[in-house]
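Enquirer: Take a look at the letters that make up each chain.
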Amino acid sequence: MRILAIDTSNEVMSIAVLENQTMIGELTTNVKRNHSERLMPAIDELMKDVSWQPEELDRIAIAKGPGSYTGLRIGATIAKTLAWTLQKELTGVSSLKVLAANRIPSSSYIVPLFDARRGNIYTGLYRYEAGELKQVEPDTHISAERWARHLLRLDEPVELIGQDAAKHIEIFREVLGDNVRVAPQKDHIPRASVLGWLAFDEQPLDVHTFTPDYLKLAEAEEKWRKAHPEDAGGEYVEKI
Amino acid sequence: MVRQDPYAKHYCKSSMSKTKILAIETSCDETSAAVVEDGERVLSNVVASQIKSHQRFGGVVPEIASRHHVEQITFIVQEAMEEAGVTYEELDAVAVTEGPGLVGALLIGVSTAKAIAFAHGLPLIPVNHIAGHIYANRLIQPLQFPLMALVVSGGHTELVYMEEDGNFEVIGETRDDAAGEAYDKIGRVLGVPYPGGKHIDEMAHQGEDTFDFPRAMIQEDNYDFSFSGVKSSFINTVHNANQKGETLDQYDLAASFQASVVDVLVDKTVRAVKEKQVKQLLLAGGVAANKGLRTALKHAVETELDGVELVIPPLSLCGDNAAMIGAAAHVEYKKGHKADYSLNARPGLSL
Chain A
8 MRILAIDTSN EVMSIAVLEN QTMIGELTTN VKRNHSERLM PAIDELMKDV
58 SWQPEELDRI AIAKGPGSYT GLRIGATIAK TLAWTLQKEL TGVSSLKVLA
108 ANRIPSSSYI VPLFDARRGN IYTGLYRYEA GELKQVEPDT HISAERWARH
158 LLRLDEPVEL IGQDAAKHIE IFREVLGDNV RVAPQKDHIP RASVLGWLAF
208 DEQPLDVHTF TPDYLKLAEA EEKWRKAHPE DAGGEYVEKI
Chain B
28 MVRQDPYAKH YCKSSMSKTK ILAIETSCDE TSAAVVEDGE RVLSNVVASQ
78 IKSHQRFGGV VPEIASRHHV EQITFIVQEA MEEAGVTYEE LDAVAVTEGP
128 GLVGALLIGV STAKAIAFAH GLPLIPVNHI AGHIYANRLI QPLQFPLMAL
178 VVSGGHTELV YMEEDGNFEV IGETRDDAAG EAYDKIGRVL GVPYPGGKHI
228 DEMAHQGEDT FDFPRAMIQE DNYDFSFSGV KSSFINTVHN ANQKGETLDQ
278 YDLAASFQAS VVDVLVDKTV RAVKEKQVKQ LLLAGGVAAN KGLRTALKHA
328 VETELDGVEL VIPPLSLCGD NAAMIGAAAH VEYKKGHKAD YSLNARPGLS
378 L
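As you go down the protein sequences, you meet chains A and B in turn. All residue numbers for the first sequence refer to my numbering, where the first residue is 8 and numbers rise by one. All residue numbers for the second sequence refer to my numbering, where the first residue is 28 and numbers rise by one.
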């Protein structure tokens, strides 16, 4: 199975092509630059490098969020359009799980995180069980402090992973003391080769209805729902 | 391995058959895809409107618009392809609105178009949204140059002079609010649902121009517009009456506002048409759906502009739609204007 994996959830842009779970090529950059301008040329270049034609792909794997809204949408739109137009499978993997999977199997809890501004983070709780990376708690958008207090209840060592861990480590240390540590620097960058490797085991998604896991409503939507709790939403988009 | 030229099939085909372009438009709150033949025949034009969603907020919320576009995009493009009954092999290019518009919304169309172009080895054509509105008229009538286009929408009010295909000279534009924007704002004061234009147009037909709001810049020797003055005058009139406990006739208010806006638009357009001695006058943009404006412009052309052909798109082509993008793209296609995969959204793009 030929997989094209795409992760543009945050500043890092990573794409990879895999034959089953073997990485054939990968392109990863860690620079503050525009995903919209760079993603499609990068895919084109990598595919040419490994001499693959678009129609030879079997599956598109996408880091489905959380992360930067715009970054997620660029990746998701290109991934779902490729899958739809080439009639290939689409699979999504949590962007946080991709990061967590950088760690080798151990008994520690793994806490991947991305900064979400104003003291908030996107995070989740992962752990290896019988050599397999499992999601212990769903990914969430939460204040770093509340998450630290939540982790305190585990009463076990946790390991933070991600480039933004440094931004929040103080608050975790205050709450968790010696029970928190930060993963080695080499593991902080999400890699699409890891995403593709994880995606091999995922079930294909419905391509048309796929949207990123933002884990947060748009601010206006959030306020509106609070003011209209009786309104369960509905069909807001209609063909004219 | 045999190297294949992905464009080979297109070189061979263009001499034999008609040019078919798949066009995508997501610049604001409509997700649209269309297949257009030779820039003039609509094979399909599918439009999904998010208006019901944004009505909740009294205006378009960019983040919500972007999210809806991701939800809709492949459904809409698939429907456009199916309705047109074309295969990717039969397409000559993929066109997309690159700007102006909301950046997050534009990015969905741009990303989709790039992925389709890459997957099927098709040329990628970036299109200016305003050029699209103007070229909507080409789907009705062949364009004759030189021509003048009055572009009126929620974001734009411009007089555009064109000497030939793809050549745009903006000779006048709004210095503050776009006409459609002014309609939306006074719509809020009158308490009509967003977007206000359609409702105010309907109300205007049941009232009289009794308030005599200012006709901004109508005497000035240029083709620019200003609509913030009439908007403020309208709001002040309503507030003053409210403070005195008076109730003003809503229909007369709407009629007076509309008369002020339409008078200025028509007056300046007629002057521009006379000065430039054009063969055609095109009306374009969402506000082209306004009955008051359509009627006044028709009347002005009949009485004052002998020999000038007025082209007004049907309502279905006034609002944002991808068919107009396909029409404008054909001009770019013939000129060989193509983008590479680094194409980005350009929210502030001008003509």
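Hints may contain errors.
Taking lysine-lysine and the PhoX-like style, the derived pairs with C-alpha atoms no more than 20 Å apart in a straight line are [to be verified]:
#  : chain 1 : residue 1 : chain 2 : residue 2
1  : A       : K233      : A       : K223
2  : B       : K79       : B       : K225
3  : A       : K174      : A       : K193
4  : A       : K230      : B       : K79
5  : B       : K325      : A       : K246
6  : B       : K303      : B       : K325
7  : A       : K39       : A       : K174
8  : A       : K233      : B       : K79
9  : B       : K45       : B       : K361
10 : B       : K325      : B       : K301
11 : A       : K246      : B       : K45
12 : B       : K318      : B       : K301
Don't read these hints as lab results, they were simulated from the structure. Bear in mind that the values here come from a model prediction, so they are computed numbers and not experimental data.
Enquirer: Next, verify each hint and record whether it holds.
Expert: Taking the hints in turn, this is what the structure says about them:
A threshold of 20 Å between alpha carbons decides the hint, and for A/K233 with A/K223 the separation of about 14 Å falls inside it, so the pair holds. Distance hint between B/K79 and B/K225 is fulfilled; the C-alpha atoms sit about 15 Å from each other, no more than 20 Å. Of the pairs offered as hints, the one joining A/K174 and A/K193 holds, with about 17 Å between alpha carbons and a cut-off of 20 Å not exceeded. Proposed proximity of A/K230 and B/K79 is supported: the alpha carbons are some 17 Å apart, at most 20 Å.
A hinted pair counts as satisfied when its Cα atoms are at most 20 Å apart, and B/K325 with A/K246 does not qualify at roughly 30 Å. Between B/K303 and B/K325 the CA atoms are separated by roughly 19 Å; this keeps the pair inside 20 Å, and the hint holds. Straight-line distance between C-alpha atoms of A/K39 and A/K174 comes to about 17 Å, which keeps the hinted pair within the 20 Å bound. With a CA separation close to 18 Å, the supplied pair A/K233 and B/K79 stays within the 20 Å bound.
Between B/K45 and B/K361 the CA atoms are separated by roughly 12 Å; this keeps the pair inside 20 Å, and the hint holds. Proximity of B/K325 to B/K301 is assessed by CA-CA distance (about 15 Å); at most 20 Å being required, the pair is judged to hold. Only pairs whose Cα atoms come within 20 Å are accepted, and A/K246 paired with B/K45 is rejected, the gap being roughly 28 Å. The suggested pairing of B/K318 with B/K301 is violated, with an alpha-carbon distance near 23 Å, which exceeds 20 Å.
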